[in-house]
Amino acid sequence: MCKISAELNQMRRPRLLVEAAAQGTRQYHRRRDLRRMLRIAIPPSPRAALEKLMPIEAALERRRLTVDKNYSYPRHVDILVALMSEAQAFREPRA
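Going by this note's numbering, the letters in the sequence shown line up with residues -12 to 82, in that order.
Warning: the hint list may mix true and false statements.
Said to hold, decoys possible - The list that follows gives simulated cross-link-like pairs (lysine to any residue, SDA-like), each with its CA atoms no further than 25 Å apart:
{"no.": "1", "residue 1": "39", "residue 2": "20"}
{"no.": "2", "residue 1": "39", "residue 2": "9"}
{"no.": "3", "residue 1": "56", "residue 2": "0"}
{"no.": "4", "residue 1": "39", "residue 2": "59"}
{"no.": "5", "residue 1": "-10", "residue 2": "79"}
Derived from the structure by calculation, the hints contain no laboratory data.
All chains, please: the whole structure from these sequences, using the hints.
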């Protein structure tokens, strides 16, 4: 099992955040959304996207847990949507 898969499997987040993100995966468009979230012109591979998204999500989780005034639920859900979608693409590569 690769490091990324292991880290994804160990993530534990509140049900409400996960359910909101799961709903958002239906409207996820990687080119549009990764450009906005990662501020890049061309979306990277799912693996590279996960490597960039995971530290962002971890920082948001730390802010959530410490009740940081700069924490944003919408941003956290956005990043989780991308993480879920990219994880699925990573686990199920195109034939």
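Hint-by-hint comparison with the structure:
1. Our distance criterion of 25 Å between C-alpha atoms is met by residue 39 and residue 20, whose separation comes to about 13 Å.
2. At roughly 20 Å between alpha-carbon atoms, residue 39 and residue 9 fall within 25 Å of each other, so this suggested pair holds.
3. Only pairs whose Cα atoms come within 25 Å are accepted, and residue 56 paired with residue 0 is accepted, the gap being roughly 19 Å.
4. Distance hint between residue 39 and residue 59 is fulfilled; the C-alpha atoms sit about 19 Å from each other, no more than 25 Å.
5. This hinted pair checks out: residue -10 and residue 79 have alpha carbons roughly 16 Å apart, not beyond 25 Å.
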